[in-house]
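The primary structure of each chain is shown beneath.
Number of protein chains: 2
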Amino acid sequence: MSKSIFYHAGCPVCVSAEHDIINLIGKDNVDVVHIGDDRSRIEEAEKAGVKSVPALVTPNGNVLHINFGASMDEVKG
Amino acid sequence: MSKSIFYHAGCPVCVSAEHDIINLIGKDNVDVVHIGDDRSRIEEAEKAGVKSVPALVTPNGNVLHINFGASMDEVKG
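If you read the protein sequences in the order shown, they are chains A and B.
So in this note's numbering, spot 42 of the first sequence is number 300, and the numbers just go up one at a time.
So in this note's numbering, spot 58 of the second sequence is number 316, and the numbers just go up one at a time.
The following block holds chain A by itself, in its conformation from the complex (with noise of 0.2 Å):
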């Protein structure tokens, strides 16, 4: 099975959904992207279609948006 990618940027939403994505999925079945850290993949990420983190973008490219920490402006500052 593919990955998925979750992308955060280091907010208490995105460290609290990180945990539970990683215990509901497994830590081997997810990248985690700091895009906060590695802005290098904020282009990445929004072409996947993220418009908040955090997000989880799954194997077959749907971007689920879960709970709410910072939209990708904000990100970007």
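Please note: incorrect hints may appear among the correct ones.
The list makes no distinction among identical chains, and a pair is therefore deemed to hold if it is satisfied within one copy or across any two copies.
As the list claims (entries may be wrong) - Below, simulated DSBU-like cross-link-like pairs (lysine-lysine); rule was C-alpha separation at most 35 Å, straight line:
| id | residue 1 | residue 2 |
| --- | --- | --- |
| 1 | Lys-305 | Lys-261 |
| 2 | Lys-309 | Lys-334 |
| 3 | Lys-285 | Lys-305 |
| 4 | Lys-309 | Lys-261 |
| 5 | Lys-261 | Lys-285 |
| 6 | Lys-309 | Lys-285 |
Bear in mind the hints are in silico, worked out from the structure with no lab data behind them.
All values reported here derive from a predicted model rather than from experimental measurement.
Dock chain B against chain A, hints included.
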């Protein structure tokens, strides 16, 4: 592992998220509850902290609101 509960109300956003969640965590690990049809469970969902559907309540009681289909007020009509 105890099960997660996926609350939804049959909306297109809900159905799409349901497929994604079942693909990600496996259908044996999640109870799917349609609170539009089974209105007796609306109160249970609200007590768990569900503010909108679709939402996933994890085994440890955290609520993950996934995308946005409808508010609980809309579900209650």
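Against the structure, the hints:
1. Lys-305 to Lys-261: both (17 Å within a copy, 33 Å between copies)
2. Lys-309 to Lys-334: The answer is both: 12 Å in one copy and 28 Å across copies each meet 35 Å.
3. Lys-285 to Lys-305: Intra 24 Å, inter 29 Å, cutoff 35 Å: intra and inter.
4. Lys-309 to Lys-261: Both: 20 Å inside a chain and 29 Å across chains, each within 35 Å.
5. Lys-261 to Lys-285: So Lys-261 and Lys-285 pass the 35 Å test inside a copy (10 Å) and across (18 Å) alike.
6. Lys-309 to Lys-285: Both, since 23 Å and 28 Å are each at most 35 Å.
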